[in-house]
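Residue numbers for the sequence shown follow my numbering, beginning at 1 and rising by one.
These are computed hints drawn from the structure, not numbers from a lab.
Among the hints, erroneous ones may be present.
Said to hold, decoys possible - Derived BS3-like pairs: lysine-lysine, alpha-carbon spacing no greater than 30 Å straight-line:
1. K71 / K50
2. K71 / K165
3. K132 / K50
4. K410 / K400
5. K391 / K423
6. K423 / K466
7. K50 / K237
8. K71 / K132
9. K237 / K270
10. K391 / K71
11. K71 / K282
12. K165 / K132
13. K423 / K71
14. K282 / K132
15. K466 / K270
16. K64 / K132
17. K391 / K410
18. K423 / K132
19. K391 / K466
20. K450 / K391
21. K64 / K173
22. K282 / K237
23. K173 / K71
24. K423 / K450
25. K173 / K237
26. K282 / K270
27. K64 / K282
28. K165 / K282
29. K466 / K450
30. K64 / K410
31. K64 / K50
32. K410 / K423
Computed from a predicted structure; not experimentally measured.
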Amino acid sequence: MRNYLIIIAAILIFNLSACNEDNFTNEPEKEEEEIDNTNYTDWTDETHSKSADLNYSVVFNQNKVLRFDIKISTEDWLNMQSDLSSILGSSGGRPGGPGGGMGADVSVDPMWVPCSFRFNDTEWYHVGIRYKGNSSLKSTFQSGNNKLSFKLDFDQFEDDYPEIKNQRFYGFKQLNLKNNFDDMSLMREKVGADLFRQFGLASPQTAFCEVYVDIGNGPQYYGVYTLVEEVDDSVIKSQFISNSGNLYKPDGAAATFASGTFDTGEMEIKTNEDSATYSDVKALYDIINSQERTTNTENWLTNLEAVFNVNMFLKYLAANNIIQNWDTYGRMTHNYYLYNNPETGLLTWIPWDNNEAFQDGKQGGALSLSMTEVGINWPIINYLIQQEEYKATYEMYLQKFVDEIFIPSKMISLYSTYYDLLKEYAYAEQPGYTFIRTDGDFDRAVEILKTHVQSRNSVVNNFLNK
Numbered sequence: 001m002r003n004y005l006i007i008i009a010a011i012l013i014f015n016l017s018a019c020n021e022d023n024f025t026n027e028p029e030k031e032e033e034e035i036d037n038t039n040y041t042d043w044t045d046e047t048h049s050k051s052a053d054l055n056y057s058v059v060f061n062q063n064k065v066l067r068f069d070i071k072i073s074t075e076d077w078l079n080m081q082s083d084l085s086s087i088l089g090s091s092g093g094r095p096g097g098p099g100g101g102m103g104a105d106v107s108v109d110p111m112w113v114p115c116s117f118r119f120n121d122t123e124w125y126h127v128g129i130r131y132k133g134n135s136s137l138k139s140t141f142q143s144g145n146n147k148l149s150f151k152l153d154f155d156q157f158e159d160d161y162p163e164i165k166n167q168r169f170y171g172f173k174q175l176n177l178k179n180n181f182d183d184m185s186l187m188r189e190k191v192g193a194d195l196f197r198q199f200g201l202a203s204p205q206t207a208f209c210e211v212y213v214d215i216g217n218g219p220q221y222y223g224v225y226t227l228v229e230e231v232d233d234s235v236i237k238s239q240f241i242s243n244s245g246n247l248y249k250p251d252g253a254a255a256t257f258a259s260g261t262f263d264t265g266e267m268e269i270k271t272n273e274d275s276a277t278y279s280d281v282k283a284l285y286d287i288i289n290s291q292e293r294t295t296n297t298e299n300w301l302t303n304l305e306a307v308f309n310v311n312m313f314l315k316y317l318a319a320n321n322i323i324q325n326w327d328t329y330g331r332m333t334h335n336y337y338l339y340n341n342p343e344t345g346l347l348t349w350i351p352w353d354n355n356e357a358f359q360d361g362k363q364g365g366a367l368s369l370s371m372t373e374v375g376i377n378w379p380i381i382n383y384l385i386q387q388e389e390y391k392a393t394y395e396m397y398l399q400k401f402v403d404e405i406f407i408p409s410k411m412i413s414l415y416s417t418y419y420d421l422l423k424e425y426a427y428a429e430q431p432g433y434t435f436i437r438t439d440g441d442f443d444r445a446v447e448i449l450k451t452h453v454q455s456r457n458s459v460v461n462n463f464l465n466k
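Build the full structure now, drawing on both the sequences and the hints.
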């Protein structure tokens, strides 16, 4: 009888505990403490609040050149220069990743400093700003050119200034100001990203902007930049059903996925950092390099398509090869993201960084359309293109891209429109803040883009009809 009573008591205690636990876990979350923004006179919910919707029509206006005014204290600006000089001088590599080749040392990102950021007579307060870029940052800085790329984070300093907690720029937390390095047309970064997106690929929104920077001596014109959306901030939020998946930015030897290269340290994870296991990218690596590719090809293909969006990669590859974007996978161990799309459970390729596109390129040139020169050290290309089904899909996308997206008459008209839009701003760029030597350089660069689209269209049609 005693044992029976003990059991009954235990059950009652357990149920009471579970009930209390349920009551605790279902308790409504406390509202965030209200932030006092009264001292920030330009602050409105629409322009500054985290609750505001992403306003693409304002931030990525396609019909004008936006003007951004940035003010950095002289002390902070000097610290930025010293920090960048130290990073580039000590590592011999580049900020944020290997120095272009495989196995190079990894360096740190440049320092953040606060700035005042103004747009349309409205100020955003204590905005985080730092330099960004890879070899382009090193080359620009060491040449004495002040037109460096920037990354902006609108609540980077919220711990220091609680009044700006969750500050946003029309809904955006982070944005990139890319300097159009080595591009006298000032258009490649924007056009490349836009073409990918028009082709149905995930790709950042872009806009043209003019940037002025005041470091204590008044506003200095830094020239025409391309405003580029941040992938881990809003691209995965606006272009996928869910932004809860793992997002990676591979950089270094591991970014090749070649046998023996896997390294979680070179698989920078941008979301879900606290729960990162890297199991999804490791699964892709293991399958890509599995012996089943040659011993049981059908099973290898099934396993590959269970973890990787092969179709989307082939679509990207076709577009990328046509526009001759040489600073990408197959040549360089960076400039792409992998997003584990929760809707499909597949790692999906997201292209990044297009300023070197629309030209034969350096470092051995852009990939050929056949890609026969791509070896096993780039297995996602080499192993996939050996499969007849994938090769046929790739060639189908080559034709589709020139027929529907990269149409000469359409592109020439677009280049002319952008030329008219940018001309006065390009001509106004000043020595020490430009990659353009003369006004004629800008004019000729735009004409070269027009010739390029005609040439590439012919090359694709000749390749497919050989």
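These are the hints, each one checked on the structure:
1. K71 / K50: Distance ~23 Å between K71 and K50 Cα, so the pair holds.
2. K71 / K165: holds, 20 Å
3. K132 / K50: holds, 24 Å
4. K410 / K400: Holds - the C-alpha atoms of K400 and K410 are around 15 Å apart, at most 30 Å.
5. K391 / K423: violated, 42 Å
6. K423 / K466: violated, 41 Å
7. K50 / K237: holds, 14 Å
8. K71 / K132: holds, 18 Å
9. K237 / K270: holds, 13 Å
10. K391 / K71: violated, 51 Å
11. K71 / K282: Roughly 44 Å between the alpha carbons, so the hint for K71 and K282 is violated.
12. K165 / K132: holds, 24 Å
13. K423 / K71: holds, 26 Å
14. K282 / K132: Roughly 28 Å between the alpha carbons, so the hint for K282 and K132 holds.
15. K466 / K270: Between K466 and K270 the Cα gap is close to 43 Å, so the pair fails against 30 Å, i.e. violated.
16. K64 / K132: Distance ~25 Å between K64 and K132 Cα, so the pair holds.
17. K391 / K410: holds, 28 Å
18. K423 / K132: It holds: about 26 Å lies between the C-alpha atoms, which stays within 30 Å.
19. K391 / K466: holds, 15 Å
20. K450 / K391: Holds. K450 to K391 sits at ~29 Å (cutoff 30 Å).
21. K64 / K173: Cα-Cα ~22 Å, so holds.
22. K282 / K237: holds, 24 Å
23. K173 / K71: Since the Cα atoms of K173 and K71 sit roughly 19 Å apart, the hinted pair holds (cutoff 30 Å).
24. K423 / K450: holds, 16 Å
25. K173 / K237: holds, 12 Å
26. K282 / K270: holds, 16 Å
27. K64 / K282: violated, 44 Å
28. K165 / K282: violated, 36 Å
29. K466 / K450: holds, 25 Å
30. K64 / K410: holds, 20 Å
31. K64 / K50: This hinted pair holds, its Cα atoms lying about 26 Å apart.
32. K410 / K423: Judged against 30 Å, a Cα distance of about 20 Å means the pair holds.
When each numbered hint is compared with the structure, violations occur for hints 5, 6, 10, 11, 15, 27 and 28.
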